[in-house]
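K.L.:
The listed protein sequences derive, respectively, from chains F and R.
Plus 9 on top of the position in the first sequence (first one is 1) and you've got the numbering used here.
Plus 8 on top of the position in the second sequence (first one is 1) and you've got the numbering used here.
What the hints contain is simulated information worked out from the structure, not anything from laboratory work.
Be aware that a few hints might be false.
[Stated by the list, open to error] Covered stretches of chain R (chain F as the covering partner; in silico rule of three or more C-beta atoms under 8 Å from a C-beta of chain F):
no., segment
1, 95 to 104
2, 116 to 125
3, 169 to 176
Ideal Cβ positions, reconstructed from N, Cα and C, are used throughout, including at glycine.
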Amino acid sequence: MSAVEPLSFLDHLWLARMPLLRGLGFTVTISFLAIVAGSLLGIVVGLALTYGAWPLRWLARLYTDFIRGTPVLVLVLASFYVLSTVGLQLSPFQAGVFALAVFCSSHVGEILRGALQSIPVSQTEAAKAIGLTFPQTFAYVLVPQAIRQILPTWVNTAAEMVKASTLLSVIGVGELLLSTQEIISRTFMSLPFYFLAGALYFAINFGIERFGKYIEHRTTISA
Amino acid sequence: MTKLLEIRGLCKRYGATEVLKGVDCDMDKGDVVCVIGSSGSGKTTMLRCINMLEDFQDGTIRIDGKEIGYEAAGGVRRRKREREIARQRMLTGMVFQQFNLFPHMTALDNVTLGLIKVKKMPRDEALAIAERWLERVGVLERKGHYPGQLSGGQQQRVAIARAIAMNPRLMLFDEVTSALDPELVNEVLQVIKDLASDGMTMLIVTHEMRFAYEVSTRVIFMNQGRIGEEGDPREMFVTPRTERLAEFLKSSTFA
Numbered sequence: 010m011s012a013v014e015p016l017s018f019l020d021h022l023w024l025a026r027m028p029l030l031r032g033l034g035f036t037v038t039i040s041f042l043a044i045v046a047g048s049l050l051g052i053v054v055g056l057a058l059t060y061g062a063w064p065l066r067w068l069a070r071l072y073t074d075f076i077r078g079t080p081v082l083v084l085v086l087a088s089f090y091v092l093s094t095v096g097l098q099l100s101p102f103q104a105g106v107f108a109l110a111v112f113c114s115s116h117v118g119e120i121l122r123g124a125l126q127s128i129p130v131s132q133t134e135a136a137k138a139i140g141l142t143f144p145q146t147f148a149y150v151l152v153p154q155a156i157r158q159i160l161p162t163w164v165n166t167a168a169e170m171v172k173a174s175t176l177l178s179v180i181g182v183g184e185l186l187l188s189t190q191e192i193i194s195r196t197f198m199s200l201p202f203y204f205l206a207g208a209l210y211f212a213i214n215f216g217i218e219r220f221g222k223y224i225e226h227r228t229t230i231s232a
Numbered sequence: 009m010t011k012l013l014e015i016r017g018l019c020k021r022y023g024a025t026e027v028l029k030g031v032d033c034d035m036d037k038g039d040v041v042c043v044i045g046s047s048g049s050g051k052t053t054m055l056r057c058i059n060m061l062e063d064f065q066d067g068t069i070r071i072d073g074k075e076i077g078y079e080a081a082g083g084v085r086r087r088k089r090e091r092e093i094a095r096q097r098m099l100t101g102m103v104f105q106q107f108n109l110f111p112h113m114t115a116l117d118n119v120t121l122g123l124i125k126v127k128k129m130p131r132d133e134a135l136a137i138a139e140r141w142l143e144r145v146g147v148l149e150r151k152g153h154y155p156g157q158l159s160g161g162q163q164q165r166v167a168i169a170r171a172i173a174m175n176p177r178l179m180l181f182d183e184v185t186s187a188l189d190p191e192l193v194n195e196v197l198q199v200i201k202d203l204a205s206d207g208m209t210m211l212i213v214t215h216e217m218r219f220a221y222e223v224s225t226r227v228i229f230m231n232q233g234r235i236g237e238e239g240d241p242r243e244m245f246v247t248p249r250t251e252r253l254a255e256f257l258k259s260s261t262f263a
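Kindly produce the complete structure, drawing on both the sequences and the hints.
P.N.:
Shown next, in the form of structure tokens:
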């Protein structure tokens, strides 16, 4: 009877495929939810920053500056530990998505404000002059022009969210990084598994970036 | 008979600076009035008050007898609701110095936007009107182009089509050739002359004295927020009654 041969990386990979896929699934789900919720909330924040009456604008400004000035890790820890002290007990997954969405919203809000304010007043005046109301001007004149400016930065923010999702491992969300670490603690093959995780993160962000480029290409104004 | 445009005692201030100090002006249907004067005299501001791109503090502006922008309720002067002001802006069409076309839309879409969204016209009807006007101003073959792909003169002609397709009672032109290369000025002026001979009522702020002389039924000379002199261009340009106008004309190029 021969000695048991040590398992190769591929053997371990095969054994760990389910936890890895689960981790990848978590990462994608968390990022997706955070980006969608964060962008929707960010639109509200951006509108408040741009068009809100001063108390609202001031509040939105305070919110964005405060959130953007706080490390994401602190936001993650705060939404898990601090919110529970005020009676809002979120699961690690919920707290994590909440923290990322809040972080995302402050960035999207600021991007939207910048884009809307960079459109010359003369565009609004031209729209008024043909009788468009403000909601119509916003929908047909301002938004289409703002979107083209927002897209590249927004894609960046989305990729940042994917990367920031790794921070959820510290509150025990079994996303890709935490799954990878668990596998490594079992197999001691740190190099190949970290490399694999890195490649997977890259693949997700590469996908996001290609998608952004595609949309950008579709919406570019010919000149 | 009610005047098409009736301005009484129009006053406009920015903070402590008085830009318009009581302007009166009447126009009948078919009038072509050119407003001349040095920069800062209030010509453009007066034009922008007529379609409420500027608020004004005193005086009244009426189009077809209807008060524009403000209403007096119980002796208190109040700005009309935004929706009502938007509706009143349909009475006028405006063409800007910098064209201000919507850069993300083709020439055709620039013209149909107001027809479809404001006038709630069916798409094919709006297209027919837009194409007719683009043809009138000579840019129909460029209808699928974006503003960035058009010359300044073409852009300005599209802008004229966009404004006039809405079938306004009064067209406002705000130094529409000032941003154009000299060789493109005439194609735009020619379009305006054609509209004038069609009987379109137009109020034109311009620095083109030769054009003002040729096209207008009446000329208004603005000076420091007031009307300095007004009358028939053939008389005003030849024998100015005031010192200020004489000086102004001397300093202007009568090209």
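K.L.:
It remains to establish, for every hint, whether it holds in the given structure.
P.N.:
Status of each hint after checking the structure:
Check on the segment 95 to 104 of chain R: 7 of its residues sit with their Cβ under 8 Å from a Cβ of chain F, so the three-residue criterion for coverage holds. Coverage of the segment 116 to 125 of chain R by chain F holds. Counting CB-CB distances below 8 Å, 3 residues qualify, and the rule asks for three or more. For the segment 169 to 176 of chain R, the stated coverage by chain F holds: 3 residues have a C-beta nearer than 8 Å to a C-beta of that chain, and at least 3 were required.
Comparing the model with each numbered hint stated earlier shows that all of them hold.
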